[in-house]
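Novice: Sequence:
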Amino acid sequence: MRRIFLCIFCLILLAVAPGFAGEPPRRIVSLAPSLTELACALGLEKNLMGVTTFCDRPASIKGKPTVGGPANPSLEAVLNLKPDVVLVDEEGIGSKLAKRLQKLGIRTVTFHGSRLDKLAPAVRQLGTDLGVQQPANQLASRIEQSLKALKTAAPVKTMFVIWPDPLVAAGPGSMLDDAMKLSGMTNIASDARSGYPRLSLEAVITRNPQLIIAGQGEKLAGPMKRMLGHLNSLDTVKQGRVCMVSDALYRPGPRIPEGIAELRHCLELTRKGQRP
701 MRRIFLCIFC
711 LILLAVAPGF
721 AGEPPRRIVS
731 LAPSLTELAC
741 ALGLEKNLMG
751 VTTFCDRPAS
761 IKGKPTVGGP
771 ANPSLEAVLN
781 LKPDVVLVDE
791 EGIGSKLAKR
801 LQKLGIRTVT
811 FHGSRLDKLA
821 PAVRQLGTDL
831 GVQQPANQLA
841 SRIEQSLKAL
851 KTAAPVKTMF
861 VIWPDPLVAA
871 GPGSMLDDAM
881 KLSGMTNIAS
891 DARSGYPRLS
901 LEAVITRNPQ
911 LIIAGQGEKL
921 AGPMKRMLGH
931 LNSLDTVKQG
941 RVCMVSDALY
951 RPGPRIPEGI
961 AELRHCLELT
971 RKGQRP
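Here the numbering used here is used: position 177 in the sequence shown is 877, and no number is missing along the way.
Among the hints, erroneous ones may be present.
The calculated DSSO-like cross-link candidates involving lysine-lysine, where the alpha carbons are at most 30 angstroms apart (straight line), are [stated by the list, open to error]:
hint : residue 1 : residue 2
1    : Lys-799   : Lys-782
2    : Lys-972   : Lys-857
3    : Lys-925   : Lys-938
4    : Lys-764   : Lys-746
5    : Lys-857   : Lys-938
6    : Lys-919   : Lys-762
7    : Lys-881   : Lys-818
8    : Lys-796   : Lys-818
9    : Lys-857   : Lys-881
10   : Lys-919   : Lys-881
11   : Lys-799   : Lys-762
12   : Lys-848   : Lys-881
13   : Lys-818   : Lys-803
14   : Lys-803   : Lys-746
15   : Lys-764   : Lys-796
16   : Lys-796   : Lys-746
17   : Lys-818   : Lys-746
18   : Lys-857   : Lys-919
The hints are simulated quantities; they were obtained by calculation from the structure and are not laboratory data.
Taking the hints into account, I'd like the entire structure generated from these sequences.
Specialist: Okay, structure coming up:
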């Protein structure tokens, strides 16, 4: 009888363990900028004890202890913060680091939301994992509303520039590619072999995009000007159909609806023959 009771008790623990039934974890370390944004959007900013050097949103997290970059976090720095839970992303080093942390007795939560169709369910799961289900459901619903397919005429051939020199574009299997398709665009790099392929200028000229989208930023200004100079034979460049957007779509987090809205605004202006 005692053995049966212990088995039932273990099953209950296993059922409860994945999430925080009562209070959210008091000490959280985030190892990705998108996860830092998500934690703050879910009301857990005060619980964030450590973030990466790339975590810059919201601005109020400035001054939080850092544990290195997303690609090379310091295990020692993470352990020194005595986290109740460490948030890792499914891409990059997330899974490897999670295993190392788990062996050391540190609980990890891996976020599986790197594609648009997985984002809202992943946000809901994060809410369960961190004991903040209500705000997570609200955020997930807002994301789902923004992802309703846009009814458009013929898709607009588009290039989304990640970096202009050398020219790296958004390719298949990336969240940016998902967002482009959803917004009524045809990605000129859709046949590439990676999510972020390097394109030659000749290939871009041959594919003749009707719209070029790129991120904003001081570091991008000079390289963008040079790239557009090399592509000045394209009608897209001559007519100024180059749209600059924020980094909202670069991170699978709470600003995805804003990023989708930016893409659709670029498309709307292009269809009307106006300069973005």
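Novice: Does each hint fit the structure? Answer for all of them.
Specialist: Results of checking the hints against the structure:
no.: 1; hint: Lys-799 / Lys-782; in the structure: holds (17 angstroms)
no.: 2; hint: Lys-972 / Lys-857; in the structure: holds (15 angstroms)
no.: 3; hint: Lys-925 / Lys-938; in the structure: holds (13 angstroms)
no.: 4; hint: Lys-764 / Lys-746; in the structure: holds (10 angstroms)
no.: 5; hint: Lys-857 / Lys-938; in the structure: holds (16 angstroms)
no.: 6; hint: Lys-919 / Lys-762; in the structure: holds (21 angstroms)
no.: 7; hint: Lys-881 / Lys-818; in the structure: holds (15 angstroms)
no.: 8; hint: Lys-796 / Lys-818; in the structure: holds (21 angstroms)
no.: 9; hint: Lys-857 / Lys-881; in the structure: holds (10 angstroms)
no.: 10; hint: Lys-919 / Lys-881; in the structure: holds (28 angstroms)
no.: 11; hint: Lys-799 / Lys-762; in the structure: holds (29 angstroms)
no.: 12; hint: Lys-848 / Lys-881; in the structure: holds (12 angstroms)
no.: 13; hint: Lys-818 / Lys-803; in the structure: holds (28 angstroms)
no.: 14; hint: Lys-803 / Lys-746; in the structure: holds (27 angstroms)
no.: 15; hint: Lys-764 / Lys-796; in the structure: holds (25 angstroms)
no.: 16; hint: Lys-796 / Lys-746; in the structure: holds (27 angstroms)
no.: 17; hint: Lys-818 / Lys-746; in the structure: holds (27 angstroms)
no.: 18; hint: Lys-857 / Lys-919; in the structure: holds (26 angstroms)
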